[in-house]
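One-letter residues, chain by chain:
Protein chains: 4
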Amino acid sequence: MPYKFHPGKTYRMPTHFGPSLGPRQGQDGKKFACKTTPKTTTMSVSFLTNREQLEEILPDGFEVGPEPMVTVATSYITEIEWLAGRGYNTLGVRFPAIFNGRKDRAFGDFLSVLWENLADPIITGRDELGFSKIYCELPEPRVYQSETHCVANWLGFKFMDLKLKNLKQIPPEDFPLPASGQTEGKLTGILHYKYIPKTGEWGNADAAYAVLTPFETPNQVVKEMWHGEGTVKFHKAKWEDMPTQFTIVNTLAELEIKEYCGANIVKTAGGKDLSDQRILL
Amino acid sequence: MPYKFHPGKTYRMPTHFGPSLGPRQGQDGKKFACKTTPKTTTMSVSFLTNREQLEEILPDGFEVGPEPMVTVATSYITEIEWLAGRGYNTLGVRFPAIFNGRKDRAFGDFLSVLWENLADPIITGRDELGFSKIYCELPEPRVYQSETHCVANWLGFKFMDLKLKNLKQIPPEDFPLPASGQTEGKLTGILHYKYIPKTGEWGNADAAYAVLTPFETPNQVVKEMWHGEGTVKFHKAKWEDMPTQFTIVNTLAELEIKEYCGANIVKTAGGKDLSDQRILL
Amino acid sequence: MPYKFHPGKTYRMPTHFGPSLGPRQGQDGKKFACKTTPKTTTMSVSFLTNREQLEEILPDGFEVGPEPMVTVATSYITEIEWLAGRGYNTLGVRFPAIFNGRKDRAFGDFLSVLWENLADPIITGRDELGFSKIYCELPEPRVYQSETHCVANWLGFKFMDLKLKNLKQIPPEDFPLPASGQTEGKLTGILHYKYIPKTGEWGNADAAYAVLTPFETPNQVVKEMWHGEGTVKFHKAKWEDMPTQFTIVNTLAELEIKEYCGANIVKTAGGKDLSDQRILL
Amino acid sequence: MPYKFHPGKTYRMPTHFGPSLGPRQGQDGKKFACKTTPKTTTMSVSFLTNREQLEEILPDGFEVGPEPMVTVATSYITEIEWLAGRGYNTLGVRFPAIFNGRKDRAFGDFLSVLWENLADPIITGRDELGFSKIYCELPEPRVYQSETHCVANWLGFKFMDLKLKNLKQIPPEDFPLPASGQTEGKLTGILHYKYIPKTGEWGNADAAYAVLTPFETPNQVVKEMWHGEGTVKFHKAKWEDMPTQFTIVNTLAELEIKEYCGANIVKTAGGKDLSDQRILL
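Protein chains in written order, with our numbering: chain C, 871 to 1151; chain B, 871 to 1151; chain Y, 871 to 1151; chain X, 871 to 1151.
It should be emphasised that the hints constitute simulated quantities derived from the structure, not laboratory data. The structure displayed is predicted, hence computed values, not measured ones. Careful, some of the hints might be misleading.
One copy or two, it doesn't matter: identical chains are merged, so the pair holds either way.
Straight-line Cα separation of at most 30 angstroms, DSSO-like style, residue types lysine-lysine; simulated pairs [to be verified]: (1) 1093 - 874; (2) 900 - 973; (3) 1137 - 879; (4) 900 - 1038; (5) 1142 - 1033; (6) 1093 - 1106; (7) 1137 - 1038; (8) 1108 - 879; (9) 879 - 1028; (10) 1137 - 909; (11) 1108 - 1128; (12) 1038 - 1128; (13) 1128 - 1068; (14) 909 - 1128; (15) 1142 - 1128.
Construct the entire structure; sequences and hints are all you get.
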């Protein structure tokens, strides 16, 4: 007797060994509360660029938000419940955007690409959430003489340097309000575009829709925060350097940096399982 | 102006940086002929198990083929064109199966899971082809005193040992015919089940269909071949050892090994880009 | 003209490219102050064992100290100046010992072996300091449901699990005095035995002498500290599992654990360059 | 009772767990015959440079040989007996040199530095043999459109590219004689300079002497060979890129390439345990 899918359970390939294990479904369907974990340290640098350059990397239905400001952020995450306490690292590139759908209108940050250094969250994130996750190596940040230096490599080719310095610690009373506090009933959050090609019909899609990660993350608490200066540089790659990703890196390398807008280090505890991820119509 | 999808081009997440790069679409849409590359060395061990145990890992529409014989195979692949000459390794578990669709009937090997040690081919294989690819570490085989020993680990947890010995080289005139020569007009090949969950509707799917990799691979030439004895062992894992994969490994560990059916090492050159992958209806 | 050694400079193989670079000699001979860095998090578990078993791993001139208590400690080190802000991890096994030399008498902890996950500090530590450093993989600790779990692998073979739980934070006023405060003029510190074999005369030595790392580390400040319970397990290895280290791991696995004596997590900042490392006569 | 050193056995740090395990001493003192293994594939590129530049990286007692020709070679080694069938990779830089000692006169190739991608052979090679081994990452070669491309990285910083093309296979009858056939009673082989600093006396040495790896390797058989064209490039590094090795890489990057002298790929089987390594007086 072939197996049956358990109703209400989430599956991923391979579906043959029971409901899939991941951030939103653990052993025997267990949920993960994300109350005081994961612990995340995020380094980010922002800069102003040309609105036109950002428009060209937005799919149909999206427009650039109030300011063409790109934020490049690396996160170093530990104590992840669904990985039994292990961690992984990420590198994301986002900018303010607005989604105008047939039905939904949403505001937030468009996450154009998110590199991660572990395949398992890449797979769950792509399939279940529609995050544009791909792989790279993200070694721990170097800190030397008060400069923090984050790098990203793909099979030994270094394609990004992110540097932060002159960091001043922010007192807790000056921490910015979480994004969730500013929504006033509108749909706000991280915007993505999920796309899965249809096998054999190479120009068609199994799925092609906008998705939203709502900003609200009540369990997430900022523990420490620093503000300072920073720079970011994507290094142009040839096809043979990064045969699966050079177009991505080169597009980012071509974004004009009109003005840097500061850098942040933020340490947080807690999070959510992202089961509130939703399709935008 | 938001970007438009180029008609006829294949896309994957992130779709925002142009048509995706991969095995079937290189720089500027270039195709890869796979004429004399990649070079592949495959170690495989087969064993008879219970038909009932295999049925339980087959989705609707599939039945176990003539013999409940499982083949566990590791492949060490080099000189891959679409990776600009780099390589990667795989570990697959397959067994004979028949697909009875509404319209199609296909015979071949059902590939229940395929581990790979590089995220990029995992992503292209899942999204475009519907292969059940997941990640593990696959170090190069050890060869000591005529025994070949392949292992697979996930973040340091060893979950499989595959050992081959008493290997005799097969003369070229005794090489088996390629599978493609035995098809007689029937649909034959590697059978898979593609499944992508629908974001936010956690029990539903964006895609859920059987797919076929036709056996025909005219450019693939067997260069050398050995036959001998072998054993394979999957090691039971606890949730904390492999929180995303322990159900897969434990199901494989529970397969009864009624009788080993020999082991092979096969070296091949050439391949195909798998653009003939198709949906089974 | 062959090169000349610069007087007073430290050299390591290869000596041909100028004075060697390392913790005690940077670019152009620069010294590293280690004032507020590195940042170190150390997890340790202690247990009582048989005095006789420890005596058997002590070289001539050493005896076991007041209590046969073994401490197994993993350290996760970041912001290392001499590595331009990078980090690495260590796993050490030490116990109290006394050195009675021809001339010197020293008290402290005998460091029987120190695994590190980066070759560069292994090389400097062996050659310059006489630390018994060897290589293994030391992934970041896992923290799940208040249990901290550290593992050590060698090319995928997991040979150690160290677990800590029920950890209570110690208030700063209860931090133990640094070891340096307890010396009263005696030689105290970490005890090692440096040994370099003589090339071609395989039973003879180029160097064979006891060395001392004095406890004094004025720049090192304890930032946070927790005390609780813990366990440690070395896993017996076969020659083929760890062909260069199985005798080490198996000796440690055979140490009887008569009673656990607690576990600690200690976070420190600052250190020293160990240029005070000295030979014991 | 402290342990005693077993007479005639070789020891390395840590000496406390019995005779050391390595290429010349396995489990229970077992020797490794190296009859048909390891399997080695070596890619090498040679070029003429300035005699003066090579003299500056030669220690006292050495002079540059007949021609100032540098050979940069990467080797990819598998089936190593003393590693229970595992492998590792190397990158060496050598040139012809003559040693004029108080007593010995030897001819051969001076191996100025040898990178390896595994700590265990680095440690045995440095301590026992006096090879100038240090660590780097050496991924498998890429082969694309008949070009072979080898790279070397240190913690993600790529410091070398070696490329070979237009390779013609050499028929076995044209294989060059092994170096051992050309010695005529003279001391010939690979020349090295062993140096171990003395702990605490930072300008002094525990060991400082020339050593020789005799060319004779009767078990080593050339299986296949190709000759063609090649280039090699060392990339200048800043201190922060390679804080332990930038002086080495930069010296090599500064060697003038007056003329390339061809490239080779050689596949061999068999070797020796290097127990004939000897001090030159």
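We went through each hint and held it up to the structure:
Taking the shortest Cα distances, residue 1093 and residue 874 never come within 30 angstroms of each other, neither inside one copy (45 angstroms) nor across copies (42 angstroms). Proximity of residue 900 and residue 973 under a CA criterion of 30 angstroms is satisfied in neither setting, with 34 angstroms inside one chain copy and 39 angstroms between copies. For the homomeric pair residue 1137 and residue 879, neither the shortest alpha-carbon distance inside one copy (33 angstroms) nor that between copies (41 angstroms) is at most 30 angstroms. For a Cα distance limit of 30 angstroms, the shortest separation of residue 900 from residue 1038 across copies, 28 angstroms, qualifies, whereas the shortest one inside one copy, 41 angstroms, does not.
In the homo-oligomer, the alpha carbons of residue 1142 and residue 1033 lie at most 30 angstroms apart both inside one protomer (29 angstroms) and across protomers (27 angstroms), since each shortest distance falls under that limit. For the identical chains of this complex, residue 1093 and residue 1106 are neighbours neither inside a copy (36 angstroms) nor across copies (39 angstroms), given an alpha-carbon limit of 30 angstroms. Proximity of residue 1137 and residue 1038 under a CA criterion of 30 angstroms is satisfied in both settings, with 14 angstroms inside one chain copy and 22 angstroms between copies. In the homo-oligomer, the alpha carbons of residue 1108 and residue 879 lie at most 30 angstroms apart only across protomers (21 angstroms), although the nearest pairing inside one protomer, at 43 angstroms, exceeds that limit.
In the homo-oligomer, the alpha carbons of residue 879 and residue 1028 lie at most 30 angstroms apart only across protomers (28 angstroms), although the nearest pairing inside one protomer, at 40 angstroms, exceeds that limit. Taking the shortest Cα distances, residue 1137 and residue 909 sit within 30 angstroms of each other both inside one copy (7 angstroms) and across copies (16 angstroms). Proximity of residue 1108 and residue 1128 under a CA criterion of 30 angstroms is satisfied in both settings, with 25 angstroms inside one chain copy and 28 angstroms between copies. Taking identical chains as interchangeable, the C-alpha atoms of residue 1038 and residue 1128 lie at most 30 angstroms apart only when both belong to the same chain, with a minimum of 24 angstroms there against 50 angstroms between chains.
For the homomeric pair residue 1128 and residue 1068, neither the shortest alpha-carbon distance inside one copy (40 angstroms) nor that between copies (39 angstroms) is at most 30 angstroms. In this assembly of identical chains, the alpha carbons of residue 909 and residue 1128 never lie at most 30 angstroms apart, being 33 angstroms within a copy and 36 angstroms across copies at closest. Proximity of residue 1142 and residue 1128 under a CA criterion of 30 angstroms is satisfied in neither setting, with 35 angstroms inside one chain copy and 43 angstroms between copies.
Violated hints, listed in ascending order, are 1, 2, 3, 6, 13, 14, 15; each of the other numbered hints is respected by the structure.
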